[in-house]
Amino acid sequence: MRRDIFQAIADPTRRAIIALIAVHAMTPNAIAENFHTTRQAVSRHLRILTECELVKQEFQGREIYYSLEIDKMKEIDNWLKQYRKIWETRFIQLDQILLANKKKKK
Amino acid sequence: MKNDLLFDFIVDKLAKTVTITREFDAKLSLVWDAFTKAELLDQWLAPKPWTSKTKYMHFKVGGKRFYAMISPEGIERWGIQEYTSITPKTNFKMYNAFADKDENPELPGSEWDHYFSEQNGTTKVNISIYNESLERLERILDGFTQGMKMSLNNLENLLATLSKK
Chain R
1 MRRDIFQAIA
11 DPTRRAIIAL
21 IAVHAMTPNA
31 IAENFHTTRQ
41 AVSRHLRILT
51 ECELVKQEFQ
61 GREIYYSLEI
71 DKMKEIDNWL
81 KQYRKIWETR
91 FIQLDQILLA
101 NKKKKK
Chain C
107 MKNDLLFDFI
117 VDKLAKTVTI
127 TREFDAKLSL
137 VWDAFTKAEL
147 LDQWLAPKPW
157 TSKTKYMHFK
167 VGGKRFYAMI
177 SPEGIERWGI
187 QEYTSITPKT
197 NFKMYNAFAD
207 KDENPELPGS
217 EWDHYFSEQN
227 GTTKVNISIY
237 NESLERLERI
247 LDGFTQGMKM
257 SLNNLENLLA
267 TLSKK
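If you read the protein sequences in the order shown, they are chains R and C.
Just so we're aligned: the first sequence equals residues 1 to 106 in the numbering used here.
Just so we're aligned: the second sequence equals residues 107 to 271 in the numbering used here.
Don't read these hints as lab results, they were simulated from the structure.
A quick note: this is a predicted structure, and the numbers were derived from the prediction, not measured.
Don't be surprised by glycine CBs; every beta carbon is placed ideally from N, CA and C.
Across the chosen pairs, the derived CB separations fall in these ranges:
hint	chain 1	residue 1	chain 2	residue 2	range
1	C	THR160	R	THR37	38 to 48 Å
2	C	ILE116	R	VAL23	22 to 32 Å
3	C	LEU213	R	THR13	13 to 23 Å
4	R	GLU69	C	GLU182	33 to 43 Å
5	C	GLU182	R	HIS24	43 to 53 Å
6	R	PHE35	C	GLY227	49 to 59 Å
7	R	LYS103	C	LEU213	36 to 46 Å
8	C	ILE176	R	GLU88	19 to 29 Å
9	R	LEU20	C	LYS122	16 to 26 Å
10	C	THR127	R	SER43	37 to 47 Å
11	C	ASP208	R	ALA100	32 to 42 Å
All chains should be modelled from the sequences, with the hints used to inform the complete structure.
Here it is in structure tokens:
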């Protein structure tokens, strides 16, 4: 099963990793230096991010570099658009109520 | 109905804040009531085909509203709000959280701030919602998305009816 992108950003450490590698590609060791957690924990977060297709791996010699998939981040924008849609619907419903109340008063 | 009413929806991901501004073709006192009286809130807050029911609402500082959003299948998703500041017909603030059916809130929740102003019979409402975690936003959507697809059809019908008038 493919993981959901929102699982990726639900965790604060993963959000911090995203922020780090958004600037430039980094090795797991370099990423781990920024956290107080174990190297294994960072690896686990990177695995989840990779499964969400939010980061990609590139091999340079013996090292693996992780970088951000910018297009994938755009999915989050699409999801926010749905939130906007909910509010649009709510307000159209509210328009109807306000209109009905106005008519009642007349 | 006027169709040039403003609707702004701004997301600031870094500040974890969503700011929504909307104008309504109605007097401020009526719009204020629609946001602060349970019987009116229940009529518009749930995007159709969801429905909203308020179990109790005490609109005063420190007072709470305990409510549910009910899915078309009858599943109840409870929420609890606490009013933290009220300036009548101008502003109110509240803290909103998901809850279980026994009124136990699931923290963290979100902080809501509402501003109301009226000009030439049009009322502007500005809502800002601060979410501690993005995961919460996702949960809000999870529930509604399914219903939204259906409601878009309802909406199209409604708009078609209105434009005939």
